[in-house]
Amino acid sequence: MLGFTNSFGLALAVSVAFMSTSMHSIAQEGSRDEIAMLAQKTITKYCYDCHTGANPEGGIRVDFLATGTELGDHIELVDKIILVLKDQQMPPADSEQPEGADRVQAIEWIEQRLRKFDCGSASRPGRVTMRRLNRTEYNNTVRDLTGLDLKLANDFPSDDVGNGFDNIGDVLSLPPILMEKYLASAKQIADEVIKNVDATKKVFPTEPADILDEVIEVTRSNVMHFASRAFRRPLDADETQRLSKLMRAAWEANATKEEIMQTIITVVLASPHFIYRIEDDDPKDFVDGIRPLNDFELASRLSYFLWSSMPDDRLFQLAGEEKLHTADQLNAEVDRMLADPKSRALVENFAGQWLQLRDLDALSPDPIKFATFDAKLRRSMRQETELLFNSILKENRSILELLSADYTYLDERLARHYDIGGISGDEFRRVDLQGKRRGMLMHGSILLLTSNPTRTSPVKRGKWVLENLLAEPPPPPPPNVPELGAEGETLGTLRQQMEQHRTNPNCAVCHVKMDAVGFGLENFDAIGAWRESDGRERIDPSGILPGGRNFNGPLDLVQILVEDKKTEFTRCVTLKMLTYALGRGLGVADRCSVSSIVNKLAEENYRFGILIKSIVTSPPFTHQESGR
Amino acid sequence: MSSLMNSKLSRRTVLRGLGVSLALPWLEATSSVAKAAAVTSGPTRMAFIFVPNGVVMNNWMPKTEGYGFQLTRTLEPLAPVKDDLLVLSGLTHDKGRANGDGAGDHARSASVFLTGAQPRKTDGEHIRSGISVDQLAAKAVGQKTRFSSLELGVDPGKMAGNCDSGYSCAYSSNISWSGEANPVGKEVNPRLVFERLFAGGKPSEADKSQQQREALQKSVLDFIADDAKRLQSKLGRNDNRKLDEYLTGVREVERRIGTKTAKPVDIDVEYAIPDGIPGDYQDHMRMMCDLMVLAFQTDSTRIATMMFANAGDNKNYRKIGVPEGHHDLSHHGENPEKLEKLSKINHFQIQQLSYLLQKMKSIREGDRTLLDNSMVVYGSGLSDGNRHNHDNLPILLAGSGGGTIETGRHLRYDLETPVCNLFMSMLDRMGVDAPFIGDSTGRLSGLSV
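Residue numbers (the working numbering), protein chains in the order written: chain F, 1 to 628; chain S, 1 to 449.
There may be inaccurate statements among the hints.
As the list claims (entries may be wrong) - When the alpha-carbon atoms are kept at most 27 Å apart in a straight line, the in silico BS3-like pairs for lysine-lysine are as follows:
1) F:LYS376 to S:LYS319
2) F:LYS284 to S:LYS234
3) S:LYS338 to F:LYS245
4) F:LYS566 to F:LYS460
5) S:LYS229 to F:LYS284
6) S:LYS218 to F:LYS257
7) F:LYS195 to S:LYS218
8) S:LYS315 to F:LYS460
9) F:LYS369 to S:LYS315
10) S:LYS218 to F:LYS245
11) S:LYS338 to F:LYS460
12) S:LYS315 to F:LYS376
13) F:LYS460 to S:LYS344
14) F:LYS460 to S:LYS229
15) F:LYS245 to S:LYS234
16) F:LYS369 to S:LYS319
17) F:LYS284 to F:LYS195
18) F:LYS394 to F:LYS436
19) F:LYS369 to S:LYS139
20) S:LYS218 to S:LYS229
21) F:LYS369 to S:LYS338
22) F:LYS323 to F:LYS195
23) S:LYS234 to F:LYS323
24) F:LYS342 to F:LYS202
Said to hold, decoys possible - Taking beta-carbon pairs under 10 Å as the criterion, some of the chain S residues facing chain F (in silico):
25) LYS144
26) ALA181
27) PHE436
What the hints assert, rightly or not - Quick list of simulated restraints, FRET-style, between CB atoms:
28) S:TYR355 to F:MET224: 50 to 60 Å
29) F:PRO234 to S:ASP244: 51 to 61 Å
30) S:PHE436 to F:ASN154: 38 to 48 Å
31) S:TYR355 to F:PHE286: 57 to 67 Å
32) S:GLN232 to F:ALA371: 53 to 63 Å
Calculated from the structure, these hints are not laboratory results. Using N, Cα and C, we set each Cβ at its ideal position, and we do this for glycine too.
Chain S with its partners taken away, still in its complex shape:
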C-alpha cells in the first residue's frame, strides 16, 4: 500500500485537521456526518460496478447451477464471500446492440449498462440515453441521506479525439444518467471524494450566529436560482435543457442544507485523508472502494456507482504481467495467449471487487453486516469482447438486500432476459415504486426462495 495509507488517524482527528482549506461556512451542510440510521438492522443500499471490454466467459461462468457451485478461476478471489453472492447468467442488454445503429458496441455497453435504453448515435448534438437505475432510486429515496447518490470512477474521461464510432465520449465515460440527456459525471480523485463527503464536519465558527450565515447562504442560492428562472423564457429548447441541469444542481444543494439537522455521528472510523490520485492502479481502485464503504457506513448516501475503467479502455496491466492494452487484447480472435492475458485482467478486477465485498462484510450493522444490507451489482455491458455481444452478460449480485435475497447460488436465466428485470427487483427492495426501467419486462425470478 502506498505511503499515504500509513498514518492512521481517527476520523474525528481527520475532520479537525481538514481545517480552513475546506471551509465553506455558508454551504456547510451539517456540523458533522449524519448518524448511521438508528435502526439496528441498517438501511438497504445499492451499488453498481462497471468493467469494460467484456470478460472471457469460459473462465467466468460456473459449470453448475444452484447452491454449492464451483467458483471458476476468474471468480476464485471471491471465495471468502462466495456465500454472499449470486452469479447471474443469461441476462441481456438488448439496447446495447446496434439495432440499426451500426458500430459502437463499447460506447453502448456503458451507456446501456444501468439505463437499458438505446443511446442515440451522435458525437455531439442531442445526446440521449435514459435514466439509470441508480438515479431513479436516488430521485425516489435519495432525500433520506445527505448525498442522494455517489458517482465514482478510476479513470477520467478521454481528453481528446473520438471514443467510439460516432458516439460522443459522454456515452463511454458515464454509467449514471439523471435524465435521458444528462450523464452524471464521476469523481476519480479520492481526496476530493473524501472532502466532499466529510468537509461538513468542520466545527462551526463561533463569532457569527449560525442563523445569520444561513440567511446569507440561502440568499445566494435564491439569487442564482432566480437568475436561472428568469433566463428560461429567453432561451430555446436545447438551452433550457442545459439550464434544467443547473436548477437541479441548485435544488440538490438546497436540500442538503435542509438535512443539516442530523445528529453527529457517534461511530469511530479509522481512515487517513487521501492526498490525491495514487500512482498505483490497484491502490486507486481500492481507495475508491474504501470511500464507497465509508459513504455507506456513515449513511452519507445509500446509492453508488463505480466505473473500474471507461468503456473500451485500452490501458495496460503491466504489474500483473499484461503489457498489452486491454481493448486490443479483448479482440483476442480465440488466440490462447491473448485469452490468458485477458483472464488475468478479469481476475485482477475480481480481486478488487472481493476486497470491497470483504470490507463491507467486516462492518457490523446490528445483527447483520453492511454487505447483508446491500445489493452490489458487478458486471460488463459486453459478454465476449471479441464478438461484442450483449447477451449472456457477466453479472454478479452481492449482498442479500437486507435479508431478502437468498445468496450463495449460480442462477441461469432464459436467454434474452433483460438485465433491467434485475434492476426492477432491486428497486422493489429499495422501496422504489417504478413502473419499468429501460426495457424491463418484469422482475427477476428466483432471487429469494
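One chain only, chain F, in its complex shape:
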C-alpha cells in the first residue's frame, strides 16, 4: 500500500516529541527544521551502520535518506523502507531499536518528502492479474447474459478478500471445488435457458426458417453471437472454427438440437474466457512494456467497475466501432451507466466493502445489554448508509457530504432508535437530522461495526476512521505490549483507563490519534443509540486532536474532520475506489495517478462523478503493463 500521510501525522509526530514536557505541547506545531533534524538523527543512528558504504547489508544503500535529496530517484526503495520501518522489521530484532515515537516521526518525515516528489510522465500503469469473476459478478453476468436471475453463485465458496475487496485478481483463486461448481452451474444455466422461451430468445436471438441450410447457418450465427457476448469480445477465427466443430461432432453423435445448444452453452460458460476477465499479454502489443487497452477490454473494465457485470449492448456497440476509448466518450458512458439501476452494484459492493457494511450481518450485540436490537434494525442501519452513499452518487454531490450530511435516510424503526419523531412505516425517506447527528460516522451501522458485543471500543472507532476515512492505518502494536491492567490496578471510566495506557509514549504515539476520535463518539453506545452516560459515569465527549484542535462532542469532531482533513479523506476515498476499480492493490507507481485525481476533485467541489470519471480516464484504468 501507499504510504501517504499528511500534516495530521506530522503534527502528531511533533506533539509526541514534546509529550514528556506537558500535555499542552500536543497543541503546538514544531518547526519543520526541527522535525527534519530529529528524523535525520534517528535514521543516521539506526540505519546507517549497516546500510551505507561500499558493502551495504543486503546490497541496500540508504545514505540518500537523511539528506535533502529528491527521493523520486529511489521511489521503489523508499516505499519498501517505509514498509519495513512500519512493520518493525528494521532495525532487526537483535539490534538497538528506536523509541516508538522516533520511529513514527522518521517514517512521517520520509513520507512527507515523498509526497513532494514530482511525477512528471514517469508513472507506469501496473499489471492487473487476470481476474476471475467473483460471486457477485458471476451472478450479475449470468443475469445480463440470459435474462435469468438464478444467483447460482450464492452456493459457491466465498471469495477471499485482499486489499479490502473481494475482486482482487491476485487473491481470487480457483480451487477444484469451484471448477465443479462452474461446470454444474453452466449445465444448469443451459437447462434453464432451454426451458424458458424469453431466455432462449435472449441467448439465441435469430429464428431460423425451415430450410436445413439456413438452420445450420442461423444456429451457427446464434452460437457465435452468444459466445462473443459471454467472452465480452469478438471471437477469433480459431474459436469460431472450434465451436463449429464441436456443434458438428455433437450433431454427428445424434444429439438433439436442444442437446447441441446445451452443450454449447455449457462449454461457453465453463470456458476460461467467460470465468476470467482476460487481457492478453502478447509481447508484440506492448511498447516499453505498456499498451492501451482495446475498446472491448475497456468496456469490461467500465461495466465491472460500475455494474459488477458484463457490458451491455451499447458498450459492445461503441467498442465494436472503436469509439469508446476517448475521454469524452468514457465520461458520457459513466453518466449513462450511473443513471442505470445496475449501478446499485457500486453501492452494495464498493461501499459495502469500503465501509465494511457487509460485515454487519455477522455481528450480534449482547441481547441483554441491547434488548432493542434485532435483525430488522440491523438491516435498516445498513440501508441508511447505502442510501446516503447512493444519493450522493446519483445526485453528483460532494463526497465530503458522506461525512457532513445534515440529512439522512430513515424508516420508523431507525428513526425511533435515533430518537427522531414523526417517521412512520417501513419506507425509508430523506430526513433532516435537526442537528442531532451528521454524516455516516454517526450512522448506527458504523457505530455498531466498530464496537464490541458488550461495549463500545473507542480504539476500534478511531482505528476505523484512520484506516477507512484517512488512509493512515496505525502500525500494529509493538510486540509484548503490557496489557491494560497488567501494571497495577486500572480504575475509573474507560476513558481514564485508556489515558493510563497512554502514559507510555510508545503507545501514545498512535493511541493519541485513535483514541481522540473514538472518545469524540462516546455519546453513541455500542449499537449507535445516543447516551449521556456510561453506567454511572457521565460521558465526556471532548478532546484535542493531534494538531491542537479542540472539540466538544461528535458534531464538532466531524466539523474539524471535514475542514482540516478533506484532502486526506479525498485521497483515502480515491485509493479505495481505484483499488476496487482496478482489482489490484496500489503500488508506489500509482502515487501520481492518485494525486492528480485528488487535485482534480479539489478543483471540482469534490463531486462524486468527477471521482469516477477521473478514475476511468486514468492511466492505470485505461492501460495495462506486461506481466512477462
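Once you have looked at the hints, place chain S on chain F.
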C-alpha cells in the same frame, strides 16, 4: 438438535429423493457412491481440525506424561475416547512466528498450520504459503477415491475489510493449500457438501445410452481444457499461475469421471439431507463432522480438513455464557474472568471434537473402527492467544492410523520440535513418500512403541 435432523431416511431413499435438481448427467461421476474399500481392515484416513486464537494452556495440558495421564478440565469431554488419542505437547510452528515480518500472528497461525511455511506478507499481490500436508497426501493417494480431499469449515471467509495486519484474508480463512499460491477454499454449507458427495447417486436416465452422454461430457471438458491451453502462450507469469488452477480443476473433474466404475455401495447409512446452514453453531459444527464421517465411511475421500472457525475469529459464544468475542477475550491479560470464559470456549470446541471421535469410533470396519483407521489432528496455530506464541502448541492426535500408533498417552517433546515432523510421520502411514514438508527435520519419535 434442529428439526431438519428429525426425519431419518435411509441414504438410498435420500438419493432417490434428490431428484432432478441435482442432475448433472454429463458430469455424473458414478451411478452410486463408491463402495467402501473391500479390505476388511479399511483404508487409512487423515483429518485436520483447526481452532483459532490458541487455548488456555493451563487448563489444557495434562500434568503427567505417558499412559494413564489425567484429562484436564478442557480435555475432559474426551473421556470416552481417551484411550484412542495422544496429547502431543511441546510442538512448534516456527514459521508462524514473525521472523522479521512484524504483526499478523493470527493470519500466520492458520496459513502455517498445515504447511509449516512462512507466508509472504501481502494483502493482495503474490500471495504465497506452501503446500499443506493434506494436499500433499491428496496429490499422492487422492486418486484412489472420488474426491482426492474434502475441505470443510463452519464460518465463511470475511466479506470485507482487513483480516490481519497486512495479510490477505486468504491466509486467515484457509488451511489447505494445493500449491504455494493456491489456497483451497472450504465448503461451509452442509447441504452443498452432501450434494457434492452424493449427487452422483441419481439413477441414470434410460432414454440415452450412457456412452453417448459420456462422449458429450468428455467433449465439453476437452474443449475447455483446450481453451485454457491455447491461452497459456498469450499470458504472462501471474495470469498463467491462475490458469494453472483452472487446468488442475478440469483434470480433477476428468479424473472423477474416470473412477466411475466403482461398484454401488452396499452399506446402509441413515442420514437426512441437510437443508442448509443451521442457525445454531453447535448443530452446524456437528453436521459438518457428520459429513466428514460420511465421506470417510463411504470411502468418498480419505483426506479432510476442517476449520471450526477462521483465524482471529471474534464471534461470541452466548449459548455457553460467553457474550464477548472470542478474539477480544483471547487477549486476556491474565484476567481470571476472561481466562475462565476462554476455557469455556475451548471446552465447547473439545466437546464437538469428542462428538466426532465418538462417532468415528462407533463405525465398525472389519475388526477395527473408523477411528482406528484414521489419524485426526486437532489443534491451534497459536498457543496462548494473549502472547501470540507459536511454540508449545495445543495439539491432539486421535486414532491409531490403522494400528500403527500407540494411543492413550500424553507425549512431551523437546521445545522447538516442528509440528511438521508429526506430519511426516502421518504421511508415512498414508503411504506417501515425501522428502520433507514445510520445516520438518525428521519424524516424530515415540508414536508407536
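Broken hints, numbered, in rising order?
-> 3, 14, 17, 19, 22, 25, 27 and 29
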